[in-house]
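*Asks:* Dock chain B against the given chain A, drawing on the hints supplied.
These are the residues of each chain, in order.
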Amino acid sequence: MSHTASKSFGNNNFLYSSDEENEDVEIFFDDSSDGEDEDNSDIDKNISDKIFEFGSKNKSNNLVKVPETSNINSYRLIELLKNDTGANNIILSHKKFKDKNEYILFPDKENFIKYQIIELNLLLEKQNNDFTKKLCQDNDFSVQEYTDRLISLLATSFWSVYEVEKKLLCLEQSKDLISTTGIWNDLIEITDLQQDSMLCPICCENILDFQAIPFIKIKNCDDINHMACKNCYSMYFKTNISDNTEIKCIGGSCNKTISYTSIKNFNKIYFENLVNFSVLQSFNDFNNTNINSCPESDCENVILSKTCTDFSNKNNLSVNIEPVSCLASHKFCLSCKKEFHSPITCNLLKKWFNKINDGNESLNWVLNNTQPCPTCDVDIEKVDGCNHMKCGFCKHEFCWICQKDWSAHGGSFYDCMNKRDIDSKKEKNIQNESFNRFRNYYKFFIESENNMLLDMRLFNKLTKRKLNNMSTVFGMSFVELEFLNDCVRELVQARNMIKYSFALLYFMDQSHNLFHIFTHNQMELLSKIDELSDLLVDINMDSTLPNSKRDTKVIQLKPYLIQSTSILQKLQLNLAKCGQDLIFKKLEIFN
Amino acid sequence: MSGLPKRIIKETKNLILDPVPGMKTDIPDEDNLRYLSVEMEGPGNSPYQGGVFNLELYLPEDYPMEPPKIRFLTPVYHPNIDKLGRICLDVLKDHWSPAFQIRTVLLSIQQLLDTPNPDDPLLSDVAELCKSNNAEYCKIAKEWTLKYAVTKKEV
Chain A
1 MSHTASKSFG
11 NNNFLYSSDE
21 ENEDVEIFFD
31 DSSDGEDEDN
41 SDIDKNISDK
51 IFEFGSKNKS
61 NNLVKVPETS
71 NINSYRLIEL
81 LKNDTGANNI
91 ILSHKKFKDK
101 NEYILFPDKE
111 NFIKYQIIEL
121 NLLLEKQNND
131 FTKKLCQDND
141 FSVQEYTDRL
151 ISLLATSFWS
161 VYEVEKKLLC
171 LEQSKDLIST
181 TGIWNDLIEI
191 TDLQQDSMLC
201 PICCENILDF
211 QAIPFIKIKN
221 CDDINHMACK
231 NCYSMYFKTN
241 ISDNTEIKCI
251 GGSCNKTISY
261 TSIKNFNKIY
271 FENLVNFSVL
281 QSFNDFNNTN
291 INSCPESDCE
301 NVILSKTCTD
311 FSNKNNLSVN
321 IEPVSCLASH
331 KFCLSCKKEF
341 HSPITCNLLK
351 KWFNKINDGN
361 ESLNWVLNNT
371 QPCPTCDVDI
381 EKVDGCNHMK
391 CGFCKHEFCW
401 ICQKDWSAHG
411 GSFYDCMNKR
421 DIDSKKEKNI
431 QNESFNRFRN
441 YYKFFIESEN
451 NMLLDMRLFN
461 KLTKRKLNNM
471 STVFGMSFVE
481 LEFLNDCVRE
491 LVQARNMIKY
501 SFALLYFMDQ
511 SHNLFHIFTH
521 NQMELLSKID
531 ELSDLLVDIN
541 MDSTLPNSKR
551 DTKVIQLKPY
561 LIQSTSILQK
571 LQLNLAKCGQ
581 DLIFKKLEIF
591 N
Chain B
1001 MSGLPKRIIK
1011 ETKNLILDPV
1021 PGMKTDIPDE
1031 DNLRYLSVEM
1041 EGPGNSPYQG
1051 GVFNLELYLP
1061 EDYPMEPPKI
1071 RFLTPVYHPN
1081 IDKLGRICLD
1091 VLKDHWSPAF
1101 QIRTVLLSIQ
1111 QLLDTPNPDD
1121 PLLSDVAELC
1131 KSNNAEYCKI
1141 AKEWTLKYAV
1151 TKKEV
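These protein sequence lines map, in sequence, to chains A and B. Using the working numbering, read the first sequence as starting at 1 and increasing by one per residue. Using the working numbering, read the second sequence as starting at 1001 and increasing by one per residue.
Excised from the complex, chain B in its bound form:
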């Protein structure tokens, strides 16, 4: 634990003591504070409402100079999230700044679920549907949420 930068220690401590609303952060392995698991609630008034999505988050060696690596473990039907759960979000790529925190990133991802960006898609077919037939897209996204994100909660 002593080898970790103060920044990481401070941020993870903060996340656990003062969690982001609608999110639960855990450290599955006490020996590795760079690896976090997150449970994110789907934002209200979106097709993802009611679902709880699992994400894994890894803070690379150069963090905070480099953005954290983050992906969904729960399948999500979304134009900017692919089958492997990888997320296409500007702050995770070119627009990353060392002043951003894990907290800001998580909020941005929740925001992305609420307002997809089909103009800069990762999955072109989903983006196409999202633009041309939004109702159909919402329907499928809801189905996926029910199938993958809700059942887990009931078990």
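Just chain A, same shape as in the assembly:
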């Protein structure tokens, strides 16, 4: 039975073919922005089994055709790996194209590992040097061993195919590197020593039975002192395996790296530890921004960006207007892999956080947690509660946000609408002015963050309870009730945007007209957020109505809520665009 299927997405044609009975070729392709597809594969937790279950997957446009008559042997292993259709033929990869950013999402690191191996295999096919010949031609190799060697190449190069390519280029110039990559440094057991007994240089035990406890050494390491008994090597691996990507010869001075294949032969668990550690290290390496895990804790998704995003570059002004979401719909910024932070750029955000973190600790504490009473200048700390403050010293009542008299304030207890009037007092000292300015925007930043967290906690709990309740009472499906989830998600996202817009404003020149357009847009978004947020609180918390009435009210408000959700979306987009204008005009004043 043979089966071929081709699917085209983006500008790449992928060809999937399979010649075996079990061809569960399942490709998930998702073009939408919120990729909420469920992962349908039965993911085996055992990596070493998974690593090997490849489907045959060829990038047809990159394929270098090998004439069948000539030289097929030179690509034997490459071809074998490409044509290998393992039992569980599933590669779950998503390709998305947004702006110019191309990236692939994987549900877990096992699938990521598989993908990188196949990419490396394709790269090796194009190479034609001694190293690749030796690697791909060896007739004693099984595909399994070949794969393990590819894994070891990747694991020692931060799991980046590009890094391996760089290494291979260096290999052509210097032969020595072949030994340092450690790919051929297999361990061998020596059982036929021409002696009755031998002293192990590591544990100093006298070994008599070489069959029971053989001596082990690296095949091409000839130093007699770099040999050790099997017990010592076992101990050596055990103590070193959990925090290294490569294990050196036990002798130390020869600096040879032991091949992954022989570590796997020694103990499969050691091999898995090495692979796991190297993948984790590649996620955390700051210089390697192309491979990351989803920033959400507990999320196993892996993201591989194809385009290099160098956000340390000062000239990089572009902001990602839309967030990237992983397969479990956690949203984050594609460039810096942090919480989504439109409208501010990654660069400015970094500056903002540096600003927050520098200075001395106690000053920071005072700055972060207190503000002076508007009449008597006593530092006041707000622990919790609403914005209505009463100074413990002079008994003055004021609003925590705008610092105006509470009696003249009126507004709601949690949200202050007078945020704009902050820079009325002009100080002569520029440094002091900058400091005050920072203090003000930081206050807004923290306040928005708190509001966001508050909303998130409150609504997530409520909607979860409500959805279950409503679907049973009204017999509505969860799809019909999805609007409530959408609404809450949009609300939280909009609050997030407000938060980062304050950080952006700090850096911008407030005398420019665009600044005012931006703040106007910001206020518009904020008032919509407040309106919607209040509405949701009302219909959820109104204690005068019985539960069933409240639910009916939610259903009645459905069209309005849907409309508000889309308005929120539009307002956010406006603000993001406006923010981008600000950034492109380079209206930065504080650096």
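Everything labelled a hint here was simulated from the structure, so no lab data went into it. These figures come from a predicted structure and were not determined experimentally. Glycine is no exception: its CB is placed at the ideal position from the N, C-alpha and C atoms. Take the hints with a grain of salt, since some may be wrong.
Once the Cα atoms are required to be at most 20 Å apart in a straight line, the calculated DMTMM-like pairs of lysine to aspartate or glutamate come out as [said to hold, decoys possible]:
#: 1; chain 1: A; residue 1: Lys331; chain 2: A; residue 2: Glu205
#: 2; chain 1: A; residue 1: Lys338; chain 2: A; residue 2: Glu490
#: 3; chain 1: B; residue 1: Lys1006; chain 2: A; residue 2: Glu205
#: 4; chain 1: A; residue 1: Lys238; chain 2: B; residue 2: Glu1066
#: 5; chain 1: A; residue 1: Lys404; chain 2: A; residue 2: Glu381
#: 6; chain 1: A; residue 1: Lys528; chain 2: A; residue 2: Glu490
#: 7; chain 1: A; residue 1: Lys230; chain 2: B; residue 2: Glu1066
#: 8; chain 1: A; residue 1: Lys238; chain 2: B; residue 2: Asp1062
#: 9; chain 1: A; residue 1: Lys230; chain 2: B; residue 2: Asp1026
#: 10; chain 1: B; residue 1: Lys1010; chain 2: A; residue 2: Glu490
Here are some chain B residues the structure puts well away from chain A; computed CB gaps all over 10 Å [claimed, not checked]:
#: 11; residue: Gly1003
#: 12; residue: Lys1024
#: 13; residue: Ile1027
#: 14; residue: Leu1033
#: 15; residue: Tyr1035
#: 16; residue: Gln1049
#: 17; residue: Gly1050
#: 18; residue: Leu1057
#: 19; residue: Leu1073
#: 20; residue: Gly1085
#: 21; residue: His1095
#: 22; residue: Ser1097
#: 23; residue: Asn1117
#: 24; residue: Asp1120
#: 25; residue: Lys1139
Some chain B residues judged to face chain A by a derived CB distance under 10 Å, without partners named [stated by the list, open to error]:
#: 26; residue: Lys1006
#: 27; residue: Glu1011
#: 28; residue: Pro1064
#: 29; residue: Pro1098
#: 30; residue: Leu1122
*Replies:* Coordinates of chain B only, in the frame set by chain A:
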């Protein structure tokens, strides 16, 4: 004593019977062969010449898979040795190999006294001085040696 690995017994015996030149190794507690005390002479032609430095050395449970824990008890003015006597040396950290011995480690430390490595410092201020004004660094190191490492010998 029977619980100790052969390697440790052999190494300590060797150190006492055939000491490293310029060093004296002792086992202060006969019941604990994992704890050693060392007296190390400062290398000649260095600011530490003439001083005798005390070190303590402990062989951890996983020795020789893990490096020995070693520190100076005598204060030393050196970019790679801090106020608590901890030593920043590659063979004691990442570059440790089970094939190395106490003997090799002690020689490496003596070598470190002779040739400080200010590019990988433990104390940045000392390293700075060592690089910018070597004469001044040598002067202070000599003073410290006289103050802490020599007086002890005379008493």
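*Asks:* May I ask which of the numbered hints given earlier this structure violates, with the numbers listed in increasing order?
*Replies:* 1, 9, 10, 21, 22 and 30
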